[in-house]
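Line by line, the protein sequences are chains A and B.
Under my numbering, the residues of the first sequence are numbered 3 to 97, in order.
Under my numbering, the residues of the second sequence are numbered 196 to 679, in order.
You may find that some hints are simply not true.
As the list claims (entries may be wrong) - Straight-line Cα separation of at most 30 Å, DSBU-like style, residue types lysine-lysine; simulated pairs:
#	chain 1	residue 1	chain 2	residue 2
1	A	Lys94	B	Lys529
2	B	Lys602	A	Lys24
3	B	Lys520	A	Lys94
4	B	Lys606	A	Lys12
5	B	Lys250	B	Lys474
6	B	Lys286	A	Lys12
7	A	Lys24	B	Lys449
8	A	Lys12	B	Lys602
9	B	Lys210	A	Lys24
10	B	Lys672	B	Lys286
11	A	Lys24	B	Lys286
12	B	Lys250	B	Lys210
13	B	Lys286	A	Lys94
14	A	Lys12	B	Lys672
15	B	Lys474	B	Lys449
Don't read these hints as lab results, they were simulated from the structure.
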Amino acid sequence: MTIERQEIEKLATLSRLSIDDKTIAEVTERLSSVLSLVDQLQTADTSSVTGMERPFHNAQRLREDQVTESSQRESFQAIAPETHNELFSVPKMIE
Amino acid sequence: MHNKTIAELIEGLQKKTFSSVELTEHFLARISQLNAQFNAVITVTAEQALAAAAKADERLAGGNAPAMCGVPILHKDIFCTDGVRTSCGSKMLDNFVPPYNATVVDNFVRDGAVMLGKTNMDEFAMGSSNETSFYGPVKNPWALDCVPGGSSGGSAAAIAARLAPGATATDTGGSIRQPAALCGISGLKPTYGRVSRWGMIAFASSLDQAGPMARTAEDCAILLNSMASFDDKDSTSVDKLVPNYCASLNNPIKGLRIGIPREYFSEGLHPGTEQAVKKALANLEGQGAELVDISLPSSHLSVPAYYVIAPAEASANLSRFDGVKYGYRCDDPKDLQDMYCRTRQEGFGEEVQRRILIGTYCLSAGYYEAYYGKAQQVRQLIQQDFDDAFKSVDLIMGPTCPSPAFKFGSKGDDPVAMYLEDIYTIATNLAGLPGMSIPCGFVEEKPVGLQIIGNYFDEAKILNAAHQFQQSTDWHKQAPEGSL
């Protein structure tokens with residue numbers, strides 16, 4: 003399985019990654035090599051099995067919908083790149 | 196003091212032969228003198244360590260202190276530590292100082308252990324050589340031109356170089372066992388769900404599991420006694436009694452049935468590694484264990500299945516790093532999209548970006564069933580192989596990795612060559628089983644690891660076999676030149 007340059011560009015957009023023109027050829031080649039490895043999966047006969055999402059098929063534990071933690075806004079916002087009036091601040095997105 | 200095992204240090208602390216402060220000062224001095232050679236420790240917390248040691252000495256003086264009280268250890272820099280930078284080996288988190296502790300870290304605080312600092316690692320635990328760390332590669336104390344393995348290479352190298360008697364680590368595809376093998380120490384990946392993942396930065400959530408590293412199996416048992424717990428805050432934590440892992444270490448292994456998978460002794464295995472592993476198996480046979488030929492027929496599909504599942508989960512987990520709430524943000528973003536894209540391009544290294552792209556590809560419309568769906572089905576086949584095997588054997592053993600430590604840069608151009616380094620370790624992560632690596636010999640003057648795989652929650656059985664092996668061998672006592 004090879005992967006085309008245009009596909010890499012689309013994946014980069016979906017993944018919110020900028021890839022410059024210089025490295026795109028290299029990334030294309032390396033991803034193709036990984037996908038060739040992964041293609042070996044197609045040789046397996048999996049007609050008799052369902053899929054395994056994680057070890058132990060039990061449903062994940064849920065808890066009561068009750069507040070158990072106190073607000074820690076200050077300590078979490080102290081490590082944010084930018085805050086304004088107790089909110090996380092991002093570049094303007096609506097004109 | 197640095198040549199003593201954790202068990203010996205506990206004895207010394209409890210008999211007051213030395214204090215925790217003395218012990219902590221000794222290891223801090225070693226880190227300050229020797230770490231530059233290895234780059235194993237990336238944050239030293241001297242002040243906090245000495246304060247914790249003084250507190251531990253008070254608890255020890257009062258009697259009835261927990262076993263780990265006063266013992267200095269290192270934490271892999273993937274575990275959140277309150278007030279101490281937790282970088283995960285990435286520029287993305289170079290400025291991240293969490294306001295809370297991971298459960299694993301809290302468990303050690305509860306037991307009075309002393310944190311000396313944080314260890315280097317492959318970026319976001321993605322790597323088998325420690326070459327992807329933002330802080331530069333860790334060097335293998337046995338051969339400074341060779342890799343220590345990864346991703347827990349900093350923890351493994353620090354223990355081999357006697358910078359700490361034990362450390363925490365994590366294993367998603369072999370990241371405890373492979374560096375343990377390459378650095379000549381012991382390391383255990385417990386059953387999925389045995390140790391809490393809360394506060395441990397996520398790579399692939401259905402595979403990640405934390406575990407201990409130390410020089411001996413006995414020390415790993417002591418560390419696991421502190422690490423393992425049921426945790427309400429981790430929805431995949433398993434509510435099952437944690438046994439005392441030291442209690443059964445001395446059981447005789449006569450009659451133990453050890454499965455030897457023929458697929459683990461085929462093409463690609465270094466002949467020297469094969470010889471060392473077979474000699475180790477003969478030792479166990481000599482102690483009364485029975486070696487049983489078994490087959491794990493889907494083994495060859497474990498690396499391909501892993502390289503769909505792990506990147507798919509990583510691409511979702513790592514979407515949280517967007518420059519908004521914590522971590523790196525690019526300079527002067529022109530709009531929101533530009534901020535997301537440049538923050539992630541500048542903040543993540545090459546291997547992390549590659550895995551995000553692969554994961555996104557495998558999860559995208561039109562490919563989901565062919566890749567992710569198929570990989571999950573293959574994962575089930577791999578799990579069934581183990582289920583079948585454990586009907587007739589108690590443990591499974593073989594090599595931890597195909598060859599000893601390799602030179603820096605030797606697998607740099609081809610990601611697939613690096614991925615195959617984990618060919619014998621990945622299947623246990625896919626199945627969720629516990630696995631361990633212990634030293635069993637040398638090839639080209641570099642250590643070789645014996646891998647021991649157990650059934651679910653059979654950590655005590657693995658540790659028992661490993662301890663019995665170490666009672667009759669001295670591979671785990673060997674030290675790299677200059678570290679004694």
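**Request:** May I ask which of the numbered hints given earlier this structure violates, with the numbers listed in increasing order?
**Result:** Violated hints: 5, 7, 8, 9, 10 and 14; rest satisfied.
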